[in-house]
Amino acid sequence: MAAFEGYSLALGAMESARSEVDLAALVETYSALLFRVAHSVVRSRTEAEDVVQDSFVRVLEHRRSLPEVRDMRVWLVRITWNLALDRRRRIRPEQLDEVFAGTLAASSVPADKALDEAQRISSVLREMDRLPKAERHVLLLSAIEELETAEMAEVLGRSESAVRALLFRARARLRERLEKEEVRR
Amino acid sequence: MKDSDQAIEKALAGLRDAEAPAGMERRILERVQNRKTASTQWNWLMALPSRIAVRSVAYAGATAGIVALVLAIPAIHQRRHAPTQSVKTMSSASLPPAPSATVAESAKPQRLSIVTRSPRRTKPRELEVTDSQEALAVREMNAPSRPAPPLPLTEQEKALVRFVRTRTPEELAAIDPTKWAAQDEQQRAEFDRFFRRFTREQADKKKLAQEAMNKS
Chain A
1 MAAFEGYSLA LGAMESARSE VDLAALVETY SALLFRVAHS VVRSRTEAED VVQDSFVRVL
61 EHRRSLPEVR DMRVWLVRIT WNLALDRRRR IRPEQLDEVF AGTLAASSVP ADKALDEAQR
121 ISSVLREMDR LPKAERHVLL LSAIEELETA EMAEVLGRSE SAVRALLFRA RARLRERLEK
181 EEVRR
Chain B
1001 MKDSDQAIEK ALAGLRDAEA PAGMERRILE RVQNRKTAST QWNWLMALPS RIAVRSVAYA
1061 GATAGIVALV LAIPAIHQRR HAPTQSVKTM SSASLPPAPS ATVAESAKPQ RLSIVTRSPR
1121 RTKPRELEVT DSQEALAVRE MNAPSRPAPP LPLTEQEKAL VRFVRTRTPE ELAAIDPTKW
1181 AAQDEQQRAE FDRFFRRFTR EQADKKKLAQ EAMNKS
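Protein sequences appear in the order of chains A and B. With this note's numbering applied, the first sequence covers 1 to 185. With this note's numbering applied, the second sequence covers 1001 to 1216.
Bound conformation, chain B alone (with noise of 0.2 Å):
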């Protein structure tokens, strides 16, 4: 009875005395958290009618708009892949009169041709004309309107540049121009007024000197 009482209790104890292996809470929290996830994303696939409700206007906007850009698509490709070339006929009445040597041929109607330019091409493309006066206003029509690009900064300005975006408002007030001539006036007073004071003290100090040798 002893023995089997022993061995009972035996078992029991290694029942009871059982302990956890090492990092079980970390592979169980990892394991919770793994089915956590994918749950959720089970969950987001399940409340995916709801939100279907909720996005059918965007949906219905969004769709509207593919449609009129498919439908946009082929109208800007036929645009683009038009001829280019549009001509334009010009009555030889708006150019500047003719030199009376080219009279009699500029008599005769004219047509010339001006090729608008092709929104891809980077060099507008050379008018074609016969005429020296033409050519001449046709140059000037094609000379560049653009301004100037601005030139660059010079060293003084990039500095100032610099300065304005570094400084505090203070340090920006100080450079105003009145404020340094009133600083440099008053310290050109300050200086004068030391050395008259000291170059009097001096003449006197050497008009002593001078007395009490005279005295002596």
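Isolated chain A (complex conformation) (with noise of 0.2 Å):
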């Protein structure tokens, strides 16, 4: 008993050190992309980070049927958005907006100008979020700009054609929203 004890023992041993190996792998593959896909839906850095971990601890759960996985980029990229989403329900998303303007306004112009920018890329930000639903995902998604249509199309369950037409809807209305936003200052 004790010998198939050990046996056992080994054979986890064996398959928790194999198991490890390609988690590692594949967060030293994916975890820039995931943390970039988390972060444009949630617009912070530390959130996410998080939403990446529990992407990974989801592939944990999961690691049973990762040899069924067809495609472990778009699979994953798919995990970490739905995280995202559900984690962007649940924080204060115009805090964060604000603070995440804020970085990208130049430091090197002057304060006044700095503020301007910042008030303008929140605006787009706020209005992105206004979006369609649909069209809103599509325009997140190809601002990473590492995702091909048909991957964003696997991941938003849609059709390719479906998602190249949002994108141009999602970029037509949100140019026409930030101009009538300008007009009406």
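Take these hints with a grain of salt, some might be off.
Stated by the list, open to error - Here are the simulated EDC-like pairs of lysine to aspartate or glutamate, each with C-alpha atoms no more than 16 Å apart in a straight line: (1) K180/A - D1003/B; (2) K133/A - D86/A; (3) K1010/B - D116/A; (4) K1010/B - E98/A; (5) K1036/B - E61/A; (6) K1010/B - E28/A; (7) K113/A - D1003/B; (8) K1036/B - D22/A; (9) K1036/B - E179/A; (10) K1010/B - E145/A; (11) K180/A - D1005/B.
What the hints assert, rightly or not - From chain B, some residues computed to sit far from chain A (all C-beta separations above 12 Å): (12) D1017; (13) Q1033; (14) K1215.
To be verified - Now the in silico label distances, taken between C-beta atoms and shown as ranges: (15) A24/A - F1163/B: 53 to 59 Å; (16) S159/A - A1038/B: 39 to 45 Å; (17) V1070/B - A24/A: 49 to 55 Å; (18) E1019/B - E181/A: 26 to 32 Å; (19) D1017/B - D112/A: 23 to 29 Å; (20) I91/A - A1058/B: 51 to 57 Å; (21) A24/A - H1077/B: 58 to 64 Å.
By construction, these hints were calculated from the structure, which means they are not laboratory data. Virtual Cβ for every residue (Gly too), placed ideally from N, Cα, C.
Now that you have both chains on their own, put them together as the hints suggest.
Encoded structure:
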């Protein structure tokens, strides 16, 4: 019995070592991409990191089904994307958007211009959030510029042509709204 | 339009160029590792019923052993705390014949009580005897019968033991006395042969020198 137990322990150790290696490789390969995916939604570095960690925990939980995954990259992006959307609902995005817009404003320009730029970027982010859900998602995923149209289509569960059309409409609608806002000012 | 396009591009570029915090990969791996450890423990608990099924025989054996031990402890306890003096009756006929002076006394039936040694006592209890002859017999009986402890090794023996334990088999074979004797004999023969030849050569040289001197 001791031998059986030792055998099972050895098997478990081998399995855990193999999964550890796989997970380490996955983290090394995809963590930066997943961070950008999460950050495009939550727009906070700490929140995005938490989302990426949660994503890999999910991977760990589904490690038995890893061999069945056709496209690991798309699968991971989809997990992260959904987790980021969930987190985005729980946090207060307005504050994070303001902080993020402040970091994007150029530091070399005078303070008043930097403030004006930060407000403009903040309004862009705000208008992006007001876009229809499908258009907003396509626009955010396209912002990462690492995913092809086919991959975005797979993540969002739409066809490639639908993604292209949604992206075109999202940009046009966003531009239109921003212009209206500027006119209002 | 140009301004709005620029603002859109800037916002999208900010999202695109976001860099992961330093050490994120390490933190992720640590968290995953912690989670894995926790899940392993949980899996172990979940797999407990099957393990129990596998181990049922062993558990049953262990339980039986424990029960047997529990039952045996009172018996052992009772045996230990029972009176350790078991009185044995020895008739005087089994002892050596008493001297004539004490024959009358010893003619009476005597009951000698011999105290058996308690297992926890280090020193044997003295026997309660009154007669000197019996005392002698008892003393002889109680005399230590164990063999004397071995004497400590001498320095030479210790050196030999050390040599045997540390040297190679070739070196051990070299300490064979017959080999030593043969080697000594050989060295002595070589010594004699060399000096005999040397003395002979010296004598020859001296002889030649003498002859040369005589000629001159």
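Consistency of the hints with the structure:
Proximity of K180/A to D1003/B is assessed by CA-CA distance (about 12 Å); at most 16 Å being required, the pair is judged to hold. For the hint linking K133/A to D86/A, the alpha-carbon distance of about 14 Å falls within 16 Å, and the restraint holds. Among the hinted pairs, K1010/B with D116/A is consistent with the structure: their alpha-carbon atoms are about 13 Å apart, no more than 16 Å. Our distance criterion of 16 Å between C-alpha atoms is met by K1010/B and E98/A, whose separation comes to about 14 Å.
Simply put, K1036/B and E61/A have alpha-carbon atoms about 9 Å apart, close enough for the 16 Å limit, and the pair holds. About 28 Å separates the Cα atoms of K1010/B and E28/A, which puts this hinted pair outside 16 Å; it is violated. For a cut-off of 16 Å, the pair hint linking K113/A to D1003/B stands: about 14 Å separates their Cα positions. The hinted pair formed by K1036/B and D22/A meets the criterion: a straight-line CA distance of about 13 Å does not exceed 16 Å.
Taken as a hint, the K1036/B and E179/A pair is broken in the structure, with Cα atoms around 51 Å apart against an allowance of 16 Å. Between the alpha carbons of K1010/B and E145/A the distance comes to roughly 14 Å, so the proposed pair stays at or under 16 Å and holds. At roughly 13 Å between alpha-carbon atoms, K180/A and D1005/B fall within 16 Å of each other, so this suggested pair holds. With a minimum CB-CB distance of about 8 Å to chain A, D1017/B fails to clear the 12 Å threshold, and the non-interface call is violated.
Q1033/B, annotated as away from the interface, has a beta carbon of chain A within 12 Å; the closest lies near 7 Å. With a least beta-carbon separation of about 101 Å from chain A, K1215/B lies farther than 12 Å from that chain, consistent with its non-interface assignment. Distance hint check: the CB atoms of A24/A and F1163/B are about 57 Å apart, consistent with the given range 53 to 59 Å. For S159/A paired with A1038/B, a C-beta distance near 41 Å keeps the hint of 39 to 45 Å intact.
Roughly 52 Å separates the CB atoms of V1070/B and A24/A, a value that falls within the hinted 49 to 55 Å. Look at E1019/B against E181/A: about 30 Å separates their beta carbons, and that is inside 26 to 32 Å. Remark: the range hint 23 to 29 Å for D1017/B to D112/A is upheld by a beta-carbon distance near 25 Å. Range check, I91/A to A1058/B: about 53 Å between beta-carbon atoms, so the 51 to 57 Å window is met.
Restraint check, A24/A to H1077/B: a C-beta distance of roughly 60 Å satisfies the suggested window 58 to 64 Å.
In terms of the numbered hints stated before, the structure departs from hints 6, 9, 12 and 13, listed from lowest to highest.
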